[in-house]
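These protein sequence lines map, in sequence, to chains A and B.
114 is the number of the first residue of the first sequence in the numbering used here; add one for each residue after it.
498 is the number of the first residue of the second sequence in the numbering used here; add one for each residue after it.
Since the hints were made in silico from the structure, they are not lab data.
In this text the structure is predicted, and so the values were computed from the model without any measurement.
A hint or two may mislead.
As the list claims (entries may be wrong) - Once the Cα atoms are required to be at most 20 Å apart in a straight line, the calculated EDC-like pairs of lysine to aspartate or glutamate come out as:
hint: 1; chain 1: B; residue 1: Lys748; chain 2: A; residue 2: Glu173
hint: 2; chain 1: A; residue 1: Lys116; chain 2: B; residue 2: Glu600
hint: 3; chain 1: A; residue 1: Lys147; chain 2: B; residue 2: Asp845
hint: 4; chain 1: B; residue 1: Lys639; chain 2: B; residue 2: Asp845
hint: 5; chain 1: A; residue 1: Lys147; chain 2: B; residue 2: Asp638
hint: 6; chain 1: B; residue 1: Lys580; chain 2: B; residue 2: Asp638
hint: 7; chain 1: B; residue 1: Lys719; chain 2: A; residue 2: Glu173
hint: 8; chain 1: A; residue 1: Lys124; chain 2: B; residue 2: Glu602
hint: 9; chain 1: B; residue 1: Lys720; chain 2: A; residue 2: Glu133
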Amino acid sequence: MSKITTADFQKGMFIEFKSEPHQIVEFQHVNPGKGSAFVRTKVKSLKTGHVQEFTYKSGESAEQLDINTREMQYLYKEVEKYVFMDNESYEQFTVLAQVLGHYADFLKENEIYQLLVYGEDVIGVRFPKKVRLKVIETEDAVKGNTVSGATKEAKLETGVMIQVPLFIKVGDVVGVDPELAEYVDRVNQ
Amino acid sequence: MNTWQKLKQQPKLFKRYFVREQIFAAIREFFAKKQTHEVEVPLLAPSLPAESYLEVFETTLLDRHRHPKRAFLTTSPEMFLKKLLVAGIGSCFSLTKSFRNTEGESNTHNPEFTILEWYEVGKDYKDVMKTTEELVCYIYDKLFSSSVARSDHNRHTELVSASKKSSHIRSNSKLILNYQNQVIDLTPPWERISMTEAFAKYARIDLEKLLDLKSLQTVVRKKGYQVGEGETWEELFHQIYLNEVVPQFSKNRPTIIFDYPVQLAALAAKPKASDPRFVERFEVYIGGIELADCCTELTQVDEQQKRFQKELTLRKKLGKKDYPVDWEFIEALKLGLPSCAGIALGVDRLVMLMTNVSRIQDTLFFPSEEMWQGLS
């Protein structure tokens with residue numbers, strides 16, 4: 114662990130709170146009635162998912178957790194769980210759906226992802242800003258519909274549905290922002 | 498996309514932003530009815546009140562020979578209004594901008610914000626509690642007085658009285674505000690709880706026994722908080738206050754928390770005659786938002802001078818920007834400040850409450866955060 118202060122706080126950072134691993138969900142500057150500065154922080158327990166609030170003195174210290182980033186290959190999905198393998202150690206990791214959140218919708222089998230590991234547990238995933246996925250289902254564009262910005266639904270190879278522009282066809286590979294679950298561009302093959 | 502661009506795309510969003518001008522109009526009308534003068538105060542000043550924790554904006558004033566003079570954006574209208582009180586203006590108010598630096602990364606702060614400050618001559622903080630209730634209800638009534646707007650805003654109540662135009666608060670109707678999934682009853686009287694009562698009720702400790710640094714340190718440590726070296730009584734107090742007391746204030750009614758320990762007298766709160774360990778100060782919380790801060794004003798020059806010095810020493814210790822202090826204010830006090838109570842109310846936060854938004858930025862056409870976004 115390494116010592117940090119509230120000045121180093123960032124959304125998504127992993128810290129120890131009441132001797133348990135937590136993630137910072139958000140933080141806010143407060144200063145009560147012209148008094149000294151405080152930082153109201155929302156932290157989420159990595160063990161229980163429970164979110165609580167704590168107000169730190171501005172400049173108060175906290176312990177940042179040592180998180181390892183490990184590259185792992187996504188193998189397959191079980192019920193509410195996802196199985197990854199570290200290709201160097203051949204160790205397998207089972208990751209709960211809640212850890213991946215909606216990023217799970219964009220996982221492609223056999224692709225390599227960067228997983229955040231704390232001790233023995235995967236506690237998060239560092240997804241790329243853009244993922245490339247093939248369109249497997251979408252309606253053909255209706256001729257004459259030239260309304261700019263018009264969209265239609267498309268099913269991607271991972272099974273997730275997103276909105277795409279009308280010119281996208283089955284078989285196209287599209288770039289998607291996994292954070293917003295939004296179409297970014299068509300990727301030329 | 499910036500706010501003005503969003504407004505171009507969705508003109509119906511304008512409605513929410515226009516609530517601000519209705520609130521401004523209501524405030525002015527309210528004080529006009531009370532024959533309270535409105536004072537326009539400078540935003541640029543050569544000196545500021547001595548306040549330990551506020552960080553300030555500095556700029557430079559040039560004369561025609563381009564000789565530089567230090568100039569500061571004002572942190573509150575307090576010094577100006579008090580000088581006019583000495584001059585004999587009587588009860589007065591200012592609805593103006595104030596500036597405080599380093600208060601970013603917050604849903605309830607904007608570096609420049611709109612402050613309503615008023616003083617009631619011959620009154621004390623208990624009177625101002627009543628005026629505050631009256632004012633907020635007056636504004637509520639102005640905003641939601643048409644039966645349509647009211648029932649729209651009050652899905653949870655049966656209120657809606659027959660007369661539509663009457664601007665006073667009807668005794669048979671409740672003033673219900675829906676704010677961020679909380680149903681808040683603004684009907685006076687609001688909940689009043691003293692600091693000592695609140696600490697006993699919510700943090701289960703006897704504040705009166707913790708008025709010295711050592712006792713408070715022990716309790717704060719026992720509760721599991723960090724106690725750093727050189728930490729002041731005020732900092733330790735706020736650890737408990739912010740973590741254990743404030744979060745437990747009623748979600749469904751405004752809270753007036755009053756009688757602060759003398760350590761939190763700030764610049765000008767007057768000690769209680771019955772117990773000088775506490776001062777006549779209160780704050781108002783509505784829906785978790787700290788809305789206003791009031792005190793019965795200190796009129797004794799020597800005590801005021803001491804507090805100025807104390808604040809300055811603390812400022813130095815904290816390494817805050819050094820600035821010239823408004824000593825003319827002390828001179829003014831020597832001529833006699835009439836007994837009065839004054840309050841500062843965050844108007845942007847009131848707009849947040851009345852428009853049901855959780856971010857101060859969403860009440861402003863041009864929030865600072867947006868203007869400076871992406872600039873290093």
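Okay, which hints does this one fail, numbers in order?
-> Violated hints: 1, 2, 5, 6; rest satisfied.
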